[in-house]
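Peer 1: With this note's numbering applied, the sequence shown corresponds to residues 875 to 1109, in that order.
Heads up, a few of these hints could be off.
As the list claims (entries may be wrong) - BS3-like cross-link-like pairs, simulated, lysine-lysine; straight-line CA separation at most 30 Å: (1) Lys-959 x Lys-975; (2) Lys-1000 x Lys-952; (3) Lys-943 x Lys-975; (4) Lys-1063 x Lys-1003; (5) Lys-1015 x Lys-1104; (6) Lys-1099 x Lys-1074; (7) Lys-937 x Lys-891; (8) Lys-1077 x Lys-1024; (9) Lys-937 x Lys-912; (10) Lys-1071 x Lys-1047; (11) Lys-1015 x Lys-975; (12) Lys-1108 x Lys-1074; (13) Lys-1092 x Lys-1074; (14) Lys-1101 x Lys-1037; (15) Lys-1101 x Lys-1051; (16) Lys-904 x Lys-931; (17) Lys-1037 x Lys-912; (18) Lys-904 x Lys-943; (19) Lys-983 x Lys-952; (20) Lys-1015 x Lys-912; (21) Lys-943 x Lys-931; (22) Lys-1051 x Lys-1063; (23) Lys-983 x Lys-1037; (24) Lys-952 x Lys-1015; (25) Lys-1071 x Lys-1003; (26) Lys-1003 x Lys-937; (27) Lys-942 x Lys-904; (28) Lys-1101 x Lys-1063.
These are calculated hints, taken from the structure and not from any lab test.
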Amino acid sequence: MASTSGSDMYESQSTTKPPFFNGDNYSFWKNRMRLFIKSNDYLVWDVIEDGPYIPLKQDSEGKMVLKKKVEMSEEERKKIQVNDKALHMLFCSFGPDIYSKVSSIESAKEVWDTLETSYEGTDDVKETKIGILNLSYENLKMEPDETVSKMFDRFSTIVNGLKGFVEIIPEDKLVRKLLYSLPESWDVKRTAIIEAKNLKTLKLDELVGSLLTHEIMKQGREEEKKKEEKRVEKL
């Protein structure tokens, strides 16, 4: 049984060590591992996506057969070695339980695909999960008494979940979605942003920063109003 220790998830935060995976939060690990591999060697990621290089030759009957080791060129040996490099990166990121499940697999692509099936399910299961995330995205609205930070956390969880399934939403659409997820009490601020900013180029973090600033100022005014009401009551 996989450990649920939060410290395990963040055990490897180094640019030289692969992100650690013990069976928890697969999407989190998958996205970080993909970036780690690409940043180290894009050829390694190609092997994980496309499968290992297989050196073939044509035999006397015209059939394509596997070359013997002595027949391989130095260049072919280097291409084969990329799969070993990919396996090494993957295995170094696994805890004992995960390693034991895939240690006998010799193809890095097969290891990756095995984990995807185990933790994300078959294509039908993936489609179901994507559908649920898309529905959550479409129905997102700020809840009563919810802060901007909490709503943005929910928003980010949904968006990152979709990214885990390679469902990338353009930033301008994310900006519009977040802006129109605000309630009527935010109409004045929303209109001000729409009139003052180009939503096609507005960055998501810039929008969130503007909303947070407005929220702080709004809370300050409400607190001052309450203080004034209490002062009047005492008169």
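Peer 1: All hints, please: hold or fail.
Peer 2: Hints versus structure:
Restraint check: the Cα-Cα separation between Lys-959 and Lys-975 comes to about 19 Å, which is no more than 30 Å; the hinted pair holds. As the CA atoms of Lys-1000 and Lys-952 are separated by approximately 35 Å, the hinted pair breaks the 30 Å bound. For a cut-off of 30 Å, the pair hint linking Lys-943 to Lys-975 stands: about 29 Å separates their Cα positions. Restraint check: the Cα-Cα separation between Lys-1063 and Lys-1003 comes to about 34 Å, which exceeds 30 Å; the hinted pair is violated.
At roughly 33 Å between alpha-carbon atoms, Lys-1015 and Lys-1104 are farther apart than 30 Å, so this suggested pair is violated. A hinted pair counts as satisfied when its Cα atoms are at most 30 Å apart, and Lys-1099 with Lys-1074 does not qualify at roughly 37 Å. Only pairs whose Cα atoms come within 30 Å are accepted, and Lys-937 paired with Lys-891 is rejected, the gap being roughly 43 Å. For a cut-off of 30 Å, the pair hint linking Lys-1077 to Lys-1024 stands: about 19 Å separates their Cα positions.
Restraint check for Lys-937 and Lys-912: the C-alpha separation of about 35 Å exceeds 30 Å, so the hint is violated. Distance hint between Lys-1071 and Lys-1047 is fulfilled; the C-alpha atoms sit about 14 Å from each other, no more than 30 Å. Restraint check: the Cα-Cα separation between Lys-1015 and Lys-975 comes to about 41 Å, which exceeds 30 Å; the hinted pair is violated. Taking the CA atoms of Lys-1108 and Lys-1074, the gap is about 51 Å. The hint is violated against a cut of 30 Å.
Distance restraint check for Lys-1092 and Lys-1074: the Cα-Cα separation of roughly 27 Å lies within the 30 Å cut-off, and the hinted pair is therefore satisfied. Restraint check for Lys-1101 and Lys-1037: the C-alpha separation of about 46 Å exceeds 30 Å, so the hint is violated. Pair hint Lys-1101 plus Lys-1051 does not hold up; C-alpha atoms about 36 Å apart against a cutoff of 30 Å. Our distance criterion of 30 Å between C-alpha atoms is broken by Lys-904 and Lys-931, whose separation comes to about 36 Å.
For the suggested pair Lys-1037 and Lys-912, the alpha carbons sit about 16 Å apart, so the restraint of at most 30 Å is met. Under the criterion of a C-alpha separation no larger than 30 Å, the hint pairing Lys-904 with Lys-943 is inconsistent with the structure, at around 34 Å. For a cut-off of 30 Å, the pair hint linking Lys-983 to Lys-952 stands: about 17 Å separates their Cα positions. For the suggested pair Lys-1015 and Lys-912, the alpha carbons sit about 36 Å apart, so the restraint of at most 30 Å is broken.
Distance restraint check for Lys-943 and Lys-931: the Cα-Cα separation of roughly 12 Å lies within the 30 Å cut-off, and the hinted pair is therefore satisfied. Of the pairs offered as hints, the one joining Lys-1051 and Lys-1063 holds, with about 15 Å between alpha carbons and a cut-off of 30 Å not exceeded. Note on Lys-983 and Lys-1037: the hinted pairing holds, with a Cα-Cα distance of about 20 Å set against a maximum of 30 Å. This hinted pair does not check out: Lys-952 and Lys-1015 have alpha carbons roughly 53 Å apart, beyond 30 Å.
Using a Cα cut-off of 30 Å, the hinted pair Lys-1071 and Lys-1003 is violated, with the two alpha carbons roughly 34 Å apart. This hinted pair does not check out: Lys-1003 and Lys-937 have alpha carbons roughly 44 Å apart, beyond 30 Å. Simply put, Lys-942 and Lys-904 have alpha-carbon atoms about 35 Å apart, too far for the 30 Å limit, and the pair is violated. Annotation: proposed proximity of Lys-1101 to Lys-1063 holds, straight-line Cα distance about 24 Å (limit 30 Å).
The structure shown violates the earlier hints numbered 2, 4, 5, 6, 7, 9, 11, 12, 14, 15, 16, 18, 20, 24, 25, 26, 27.
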